[in-house]
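J.: The residues making up each chain are set out below.
Protein chains: 4
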Amino acid sequence: MKLTSEQKQEIAEQQAQKYETKRVTSPELEKILYEAIPVLDHGFVRVIDYMGDDTSIVQSARVSYGKGTKKVSTDEGLIKYLMRHWHSTPFEMCEIKYHVKLPIFIARQWIRHRTANVNEYSARYSILDKEFYIPSKEQLSAQSTINRQGRGDLITGDQANEVLKILKDDATRTYDNYEKMLNEKFDGTTIDKDKKGLARELARMNLTLNSYTQWYWKTDLLNLLNFLFLRADKHAQFEIRAYAEVMLETVKKWVPITHAAFLDYRVGAVHVSAKGKKVIQLMAQGKKISFEDSNLSKREWNELMTSFDFAEKIV
Amino acid sequence: MKLTSEQKQEIAEQQAQKYETKRVTSPELEKILYEAIPVLDHGFVRVIDYMGDDTSIVQSARVSYGKGTKKVSTDEGLIKYLMRHWHSTPFEMCEIKYHVKLPIFIARQWIRHRTANVNEYSARYSILDKEFYIPSKEQLSAQSTINRQGRGDLITGDQANEVLKILKDDATRTYDNYEKMLNEKFDGTTIDKDKKGLARELARMNLTLNSYTQWYWKTDLLNLLNFLFLRADKHAQFEIRAYAEVMLETVKKWVPITHAAFLDYRVGAVHVSAKGKKVIQLMAQGKKISFEDSNLSKREWNELMTSFDFAEKIV
Amino acid sequence: MKLTSEQKQEIAEQQAQKYETKRVTSPELEKILYEAIPVLDHGFVRVIDYMGDDTSIVQSARVSYGKGTKKVSTDEGLIKYLMRHWHSTPFEMCEIKYHVKLPIFIARQWIRHRTANVNEYSARYSILDKEFYIPSKEQLSAQSTINRQGRGDLITGDQANEVLKILKDDATRTYDNYEKMLNEKFDGTTIDKDKKGLARELARMNLTLNSYTQWYWKTDLLNLLNFLFLRADKHAQFEIRAYAEVMLETVKKWVPITHAAFLDYRVGAVHVSAKGKKVIQLMAQGKKISFEDSNLSKREWNELMTSFDFAEKIV
Amino acid sequence: MKLTSEQKQEIAEQQAQKYETKRVTSPELEKILYEAIPVLDHGFVRVIDYMGDDTSIVQSARVSYGKGTKKVSTDEGLIKYLMRHWHSTPFEMCEIKYHVKLPIFIARQWIRHRTANVNEYSARYSILDKEFYIPSKEQLSAQSTINRQGRGDLITGDQANEVLKILKDDATRTYDNYEKMLNEKFDGTTIDKDKKGLARELARMNLTLNSYTQWYWKTDLLNLLNFLFLRADKHAQFEIRAYAEVMLETVKKWVPITHAAFLDYRVGAVHVSAKGKKVIQLMAQGKKISFEDSNLSKREWNELMTSFDFAEKIV
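Here the protein sequences come in this chain order: A, B, C and D. Heads up: the first sequence is residues 7 to 321, going by this note's numbering. Heads up: the second sequence is residues 7 to 321, going by this note's numbering. Heads up: the third sequence is residues 7 to 321, going by this note's numbering. Heads up: the fourth sequence is residues 7 to 321, going by this note's numbering.
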């Protein structure tokens with residue numbers, strides 16, 4: 007992640023702000039406000055603003071005139087209850103705004119979460135930064151042979167070097183040609199004063215999908231947790247998970263009670279189908295139950311055993 | 007509006023809060039934070055929390071690293087431009103949360119604005135306050151004879167007294183019977199210790215639609231302005247307009263530049279159809295144009311003349 | 007449920023419609039299209055229109071040029087997979103529209119599901135029907151003593167009669183006064199030709215919350231299933247559950263494969279928290295685990311035992 | 007636009023479908039159902055399904071038991087009224103589903119319209135087609151010098167050839183390298199049997215933004231009109247406008263009355279600010295009003311004059 011000195015200066019100025027407010031504040035989140043937390047090779051996540059804290063959830067659930075309660079233990083009990091029973095509206099009462107820099111192919115996954123407000127850097131209007139995501143060698147995985155939507159073994163040796171060379175060369179060449187068509191360098195200098203530049207809204211089409219873009223992204227706590235549930239999960243693509251994990255840490259600082267309840271009732275939870283429930287019932291009663299008797303498909307059986315870390319998987 | 011001493015105390019405690027924050031603040035809005043602003047006979051609007059100010063709109067539109075700009079004049083120009091050209095996403099970057107007490111029949115109109123977060127006081131769970139909306143004599147209008155969805159002349163004299171008596175008596179009686187069925191007074195005292203009380207989720211059905219409810223209502227600035235455009239308008243029902251007008255004043259305190267642009271480009275603006283445009287073009291060129299030549303319906307013609315305060319209406 | 011002869015005629019005309027279409031159709035749903043299925047004492051649910059069927063889900067998930075597949079077994083496997091793994095977007099590709107008549111206090115619960123399109127009968131514009139919901143004696147429950155948001159034992163005998171009398175009398179009286187203030191009967195006849203009538207938007211406030219309203223309600227299959235998951239559940243208020251159960255039957259006719267997957271992976275499923283998972287793991291391994299060792303709250307322990315129909319509840 | 011023979015066959019089969027339905031149908035739209043209407047060099051728009059027609063809007067607005075009315079003239083009057091007065095919910099009662107093939111940089115603009123359901127072809131799961139958008143020479147515009155977000159004069163001659171060569175070469179090379187990294191051709195043949203292929207979710211990042219993707223996109227009529235208002239407008243980028251214009255024609259076939267009202271009250275309409283209204287009032291009264299006296303900014307003045315095709319622009 008490279009920030010220009012001007013950008014560093016702007017961030018430092020924001021961090022130096024001190025205002026007095028009657029609004030509730032989240033002291034731990036305040037500490038990292040505006041900070042650019044690095045993600046991947048050139049990306050970042052910055053918390054820009056927030057509204058509410060754990061007590062706001064309680065306050066709204068109770069439709070109270072004042073703060074939720076004055077006792078943390080009571081607040082905690084209610085928040086856990088709300089999370090366990092899938093109450094949604096109280097968690098919508100907290101809001102957060104991020105500034106994120108991320109590769110375009112990840113932005114395209116991310117934007118599918120519709121219940122958020124977004125302002126993206128416009129490549130119709132401005133020139134994109136000369137930055138592309140190149141995976142580290144630890145992330146250079148082959149296509150999975152068992153999961154059509156996942157990664158398998160690492161690619162190593164010459165083939166790995168070849169892949170990395172392709173990614174770097176192609177991104178660099180297409181970017182250089184982007185500048186050439188624009189007749190303008192990314193720093194704003196004109197290349198050939200006797201030529202016009204192609205319209206920005208056209209030239210951008212030559213960039214590769216690992217080019218970095220950036221946006222302001224604002225959402226409420228409920229939708230943020232839904233996003234993190236899917237994107238901080240091990241089935242999510244590594245590159246978006248990297249962002250989700252950083253954001254999950256910001257949630258911990260912001261609303262620690264809600265964060266703990268989220269880990270217990272969502273992230274670490276298991277969802278068992280009606281048929282799967284019968285299998286678990288028999289097992290808990292000490293009865294033998296085999297895949298053949300389970301009425302589950304092989305895939306369902308294995309997913310059930312995996313979710314409880316039971317050994318009885320079949321091939 | 008009656009607040010219990012406990013409620014007053016809770017509000018006073020919130021107003022006495024002083025926290026330090028790095029977030030942007032809106033000084034004028036801070037002054038009235040948590041205050042219960044009276045609306046109608048027993049309702050109120052309270053601003054509970056907010057996120058962002060005018061500079062946040064500029065910051066997001068520019069996807070900048072720091073604040074929008076340092077010059078207010080530049081910010082103002084951009085906000086006016088965004089409003090004029092119907093840019094929506096930058097205005098979604100500010101968020102506000104209200105606590106509102108309002109009659110149920112107004113709550114039913116209000117809730118049709120879906121892009122908001124709501125936590126309403128639950129009459130399945132708790133007993134509603136003994137408060138109903140009774141219109142003032144100045145609001146006791148007859149059905150309009152020209153607009154099937156509006157009010158006409160005032161009802162006065164004996165008939166007005168009769169209407170007010172009906173409204174008071176019916177609301178009081180149904181509320182008394184609500185308590186009777188619950189076997190519990192609104193202050194929590196049991197009526198007959200040897201009887202059970204009807205389930206709250208059932209008993210509430212006996213209440214009239216002018217009973218007061220309350221909710222936390224949170225939305226972003228764009229959707230708030232859409233709400234206010236429709237509900238602070240003279241075609242809106244008086245009772246919801248009373249809330250909208252109070253809220254419009256909170257917008258003025260919160261984001262004064264946006265508020266001014268909203269008045270100019272939305273509230274005071276005129277929308278002219280393609281056919282209406284031809285009429286205006288001819289008029290501006292000093293040509294005579296009559297209804298008969300306008301290709302407009304009588305209703306459209308009159309709406310057009312009214313919107314520009316022109317006298318050429320027809321009957 | 008009373009329909010006027012004019013309404014019956016209109017419905018019969020729709021049911022007699024026969025058009026040719028290239029769109030996919032759902033033969034079982036076609037059979038009951040437009041039919042008014044009775045709910046509660048005066049309500050109904052009518053399916054007015056729909057778009058897509060089970061194959062549309064498969065088609066969208068595959069982004070295929072033609073129908074999903076030609077083999078029902080393959081479609082079924084994919085739909086089950088999508089449901090099990092919480093894929094949401096393919097289920098959004100089917101849409102349904104209902105015409106519903108329902109008591110206002112239930113309409114207020116229902117409308118909290120925001121991701122739907124609604125057109126409600128306007129009591130600003132028209133006079134509401136003279137119909138109110140009066141519970142049957144089997145539904146006249148006392149407030150639950152263990153669940154602040156539920157029903158307990160039945161109220162019987164004189165107290166039941168008294169409750170029913172209150173509900174009928176108050177609804178009738180407030181409706182009669184509604185007509186009186188309007189100076190107009192529900193059938194449109196003027197009461198006193200020398201008087202004006204109060205504006206409809208005002209007079210309606212005198213009605214009780216068990217008055218019936220009606221609306222067109224349109225949503226996609228995903229959001230319909232979310233609605234039914236919450237509202238066809240035994241914790242939902244009986245009155246809204248009555249509607250949800252009728253609608254669940256229409257889903258079975260419309261998209262039978264999705265309906266079956268919904269029962270298995272949602273309605274009959276169990277959600278186990280991270281802490282609860284440890285308890286189940288020990289039980290399945292034949293180990294004794296008591297509440298005291300479980301790290302669960304008493305409430306959580308009992309909910310876990312109940313969800314698996316295990317006997318080990320504690321008091 | 008190239009369709010494989012298998013795709014053509016699938017489309018032909020859908021077009022040959024004939025079902026009987028009681029639902030309303032739109033005869034003109036039925037005629038082009040499933041047809042791939044070409045857009046740009048390799049894209050298309052296909053209408054896959056729809057729900058409702060003009061009468062559905064009337065039916066919902068009236069919350070009627072049968073069809074809207076039986077008289078087309080009455081329906082037309084109501085639809086025009088609803089459009090003129092910004093009633094939104096009745097237009098939400100019609101739904102349409104498209105299958106669209108489009109360049110990724112256009113998909114990124116398009117997806118910002120959030121109130122729609124989308125299933126996109128997954129490049130995590132499958133290999134993208136070897137097709138990229140290359141603008142025609144008539145579209146090869148230079149960056150506008152007066153509008154930072156638009157196109158200016160055409161680029162011609164050698165420079166045009168050079169731009170086209172860059173776009174073709176870079177898209178081809180990055181696609182070839184995409185296949186190389188995947189170790190698999192777009193037709194599914196393995197390149198080197200002794201090598202693994204890079205995970206698809208990674209390899210895709212090497213593609214350029216003019217690569218074609220495809221999706222199912224479903225929305226209601228209100229949101230479709232909002233989309234078309236912005237994207238069929240002359241300020242929209244040419245490439246997305248090409249799609250919007252084709253879609254606008256499908257709206258004309260589907261709901262002709264609504265389409266006509268949309269052209270009159272939206273597409274051809276003029277929005278005049280409060281300050282602008284005063285200028286128009288004076289002009290219509292035959293009074294001279296100069297920019298200096300108008301209280302408008304130069305930009306506003308020119309926008310106002312342009313919107314009415316008045317000559318009084320200033321430099």
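If you're looking for bench data, these hints aren't it; they were derived computationally from the structure. From the three backbone atoms N, C-alpha and C, an ideal C-beta is built for every residue, glycine too. Careful, some of the hints might be misleading.
Unchecked claim - For lysine-lysine, the following DSSO-like pairs were computed, each having C-alpha atoms within a straight-line distance of at most 30 Å:
#1 K37/A to K319/B
#2 K86/C to K283/A
#3 K37/D to K202/A
#4 K240/B to K199/B
#5 K201/B to K37/A
#6 K8/C to K37/D
#7 K28/D to K86/B
#8 K86/D to K258/C
#9 K186/B to K86/B
#10 K284/A to K258/A
#11 K174/C to K186/C
#12 K283/D to K86/D
#13 K283/D to K201/A
#14 K199/C to K319/A
#15 K240/D to K191/A
#16 K77/A to K28/A
#17 K283/B to K319/D
#18 K143/B to K293/C
#19 K294/B to K283/B
#20 K174/A to K24/D
#21 K73/C to K86/D
#22 K283/D to K28/C
#23 K24/C to K143/D
#24 K186/B to K199/B
#25 K284/B to K259/B
#26 K171/B to K199/B
#27 K24/C to K86/A
#28 K186/C to K284/A
#29 K199/A to K86/D
To be verified - Residues from chain B shown here face chain A by an in silico Cβ test under 7 Å; the list is partial:
#30 E26
#31 D55
#32 S66
#33 G72
#34 E144
#35 Q145
#36 S300
Said to hold, decoys possible - Chain D stretches covered by chain C per the calculated footprint, using a threshold of three residues with CB under 8 Å from any CB of chain C:
#37 61 to 73
#38 200 to 214
J.: For this structure, which hints from the list above don't hold up?
T.: 1, 3, 4, 5, 6, 7, 8, 9, 10, 13, 14, 18, 20, 21, 22, 23, 25, 26, 27, 28, 29, 34, 35, 36 and 38
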